[in-house]
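All chains should be built: construct the whole structure from the sequences, respecting the hints.
Residue numbers (the numbering used here), protein chains in the order written: chain A, 154 to 264; chain B, 154 to 264; chain C, 154 to 264; chain D, 154 to 264.
Calculated from the structure, these hints are not laboratory results. There may be inaccurate statements among the hints.
Identical copies look the same in the list; a pair holds intra-copy or inter-copy alike.
Stated by the list, open to error - Capping the alpha-carbon separation at 20 Å, the derived lysine to aspartate or glutamate pairs in EDC-like fashion look like this:
id, residue 1, residue 2
1, K194, E240
2, K222, D159
3, K195, E240
4, K222, E246
5, K163, E190
6, K163, E246
7, K195, D217
8, K195, E167
9, K163, D238
10, K194, E167
11, K163, E240
12, K222, E190
13, K195, D159
14, K163, E237
15, K194, D159
16, K194, D217
Protein chains: 4
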Amino acid sequence: MHHHTDPAMKACIEECLRCYSVCLSTAMNHCLEMGGEHVEKKHFTLMMACAEICRTSAHFMLVDSPHHKHTCAECAEICTQCAEDCERLGNMEECVAACRSCAQSCRSMAH
Amino acid sequence: MHHHTDPAMKACIEECLRCYSVCLSTAMNHCLEMGGEHVEKKHFTLMMACAEICRTSAHFMLVDSPHHKHTCAECAEICTQCAEDCERLGNMEECVAACRSCAQSCRSMAH
Amino acid sequence: MHHHTDPAMKACIEECLRCYSVCLSTAMNHCLEMGGEHVEKKHFTLMMACAEICRTSAHFMLVDSPHHKHTCAECAEICTQCAEDCERLGNMEECVAACRSCAQSCRSMAH
Amino acid sequence: MHHHTDPAMKACIEECLRCYSVCLSTAMNHCLEMGGEHVEKKHFTLMMACAEICRTSAHFMLVDSPHHKHTCAECAEICTQCAEDCERLGNMEECVAACRSCAQSCRSMAH
Chain A
154 MHHHTDPAMK ACIEECLRCY SVCLSTAMNH CLEMGGEHVE KKHFTLMMAC
204 AEICRTSAHF MLVDSPHHKH TCAECAEICT QCAEDCERLG NMEECVAACR
254 SCAQSCRSMA H
Chain B
154 MHHHTDPAMK ACIEECLRCY SVCLSTAMNH CLEMGGEHVE KKHFTLMMAC
204 AEICRTSAHF MLVDSPHHKH TCAECAEICT QCAEDCERLG NMEECVAACR
254 SCAQSCRSMA H
Chain C
154 MHHHTDPAMK ACIEECLRCY SVCLSTAMNH CLEMGGEHVE KKHFTLMMAC
204 AEICRTSAHF MLVDSPHHKH TCAECAEICT QCAEDCERLG NMEECVAACR
254 SCAQSCRSMA H
Chain D
154 MHHHTDPAMK ACIEECLRCY SVCLSTAMNH CLEMGGEHVE KKHFTLMMAC
204 AEICRTSAHF MLVDSPHHKH TCAECAEICT QCAEDCERLG NMEECVAACR
254 SCAQSCRSMA H
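Structural data, given as structure tokens:
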């Protein structure tokens with residue numbers, strides 16, 4: 154990333170891209186293979202919404218828009234919900250961890 | 154779009170995709186060709202941020218996430234700022250109109 | 154879209170954004186609700202890949218990159234496969250029509 | 154990423170997301186600040202097209218679509234052109250390195 158980017162933002166961009174990768178990959182591999190409640194509309198939509206807001210928040214930080222504070226706030230909220238729903242289903246530890254870590258980073262970036 | 158989608162949301166998705174198209178195309182064609190204040194960081198970043206939030210809000214409505222209310226609220230805010238900045242520069246009527254129309258549609262979708 | 158954009162490209166951008174909207178919305182609403190073979194990995198992945206390449210091809214035309222010829226060629230190929238798979242499952246006429254129409258438009262744009 | 158993902162694909166996803174980040178951030182910070190030939194349409198469009206195809210190729214690998222071979226082939230081509238154009242302008246070493254590294258990884262993934 155560009156050399157002017159501050160370290161906290163740089164770390165948050167990486168958290169967002171990692172959480173995007175884990176959520177999308179888990180939904181399209183693990184959840185589709187498991188079936189059942191893993192492909193119920195509420196859970197699967199939350200996984201896809203989480204992947205998308207992470208991708209978008211990273212984008213806003215990369216283009217250096219001051220509105221990244223708002224996308225990061227929304228990202229923290231969706232990631233937290235996604236972590237809780239993955240915990241409820243069980244056996245999705247990698248996704249839970251990526252969401253919690255991204256939520257924390259985005260929350261501090263939002264202030 | 155899917156036949157269950159309500160007409161107001163359907164219209165808002167179309168407004169968002171239209172505003173995304175106009176902002177991105179105008180930035181990458183009109184603004185790069187004009188140069189000067191059209192490629193100053195503040196204006197150009199606002200154009201790109203506007204295109205991205207419009208693309209994302211359409212995505213949230215298409216996947217039918219309840220969080221579309223928050224992305225639409227943010228979209229309305231960025232579109233309004235983008236319309237004002239395009240008005241300030243002048244000769245960007247198509248972009249001003251697309252942003253104002255999208256802002257109005259997103260604002261009502263956010264409630 | 155920007156006034157310099159030629160009419161054929163303008164139409165292709167609209168076809169791509171419409172096919173993106175229909176595929177994503179149908180996958181996340183119709184397919185998740187139907188379950189069964191609609192959420193089998195092969196079909197669902199094809200729907201999501203189709204939505205993504207349509208979104209990307211529109212983007213390449215909007216930024217006016219000469220590489221849009223290659224993304225449009227790939228888009229035509231994926232749309233054709235997606236139309237065939239939706240036809241096989243049945244009761245997905247809107248998606249079949251959007252994919253066929255987008256494939257045709259992208260194929261002519263690719264030359 | 155999902156535990157079934159093979160190591161070479163995992164590495165390629167990371168290369169793509171890194172090149173996406175570097176190209177987008179460099180365009181929107183370094184290039185807009187430098188002005189002159191950095192914001193000429195041909196160079197700037199290539200930077201944005203490179204960011205977009207990297208983002209898309211990562212997405213295709215994450216959703217585990219067999220069409221990732223085609224998006225990776227296109228990604229390798231655009232990254233190579235982008236590296237050459239950044240080299241021509243000079244003082245864009247980070248971008249040159251990210252593009253070359255991503256091109257190599259995508260080329261081997263395309264076979």
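Hints versus structure:
no., hint, result
1, K194 / E240, "within (17 Å within a copy, 23 Å between copies)"
2, K222 / D159, "within (15 Å within a copy, 31 Å between copies)"
3, K195 / E240, "within (14 Å within a copy, 27 Å between copies)"
4, K222 / E246, "neither (28 Å within a copy, 29 Å between copies)"
5, K163 / E190, "neither (36 Å within a copy, 27 Å between copies)"
6, K163 / E246, "between (25 Å within a copy, 19 Å between copies)"
7, K195 / D217, "between (33 Å within a copy, 10 Å between copies)"
8, K195 / E167, "neither (27 Å within a copy, 24 Å between copies)"
9, K163 / D238, "neither (28 Å within a copy, 25 Å between copies)"
10, K194 / E167, "neither (28 Å within a copy, 23 Å between copies)"
11, K163 / E240, "neither (28 Å within a copy, 24 Å between copies)"
12, K222 / E190, "neither (33 Å within a copy, 25 Å between copies)"
13, K195 / D159, "between (36 Å within a copy, 19 Å between copies)"
14, K163 / E237, "neither (26 Å within a copy, 26 Å between copies)"
15, K194 / D159, "between (38 Å within a copy, 18 Å between copies)"
16, K194 / D217, "between (34 Å within a copy, 9 Å between copies)"
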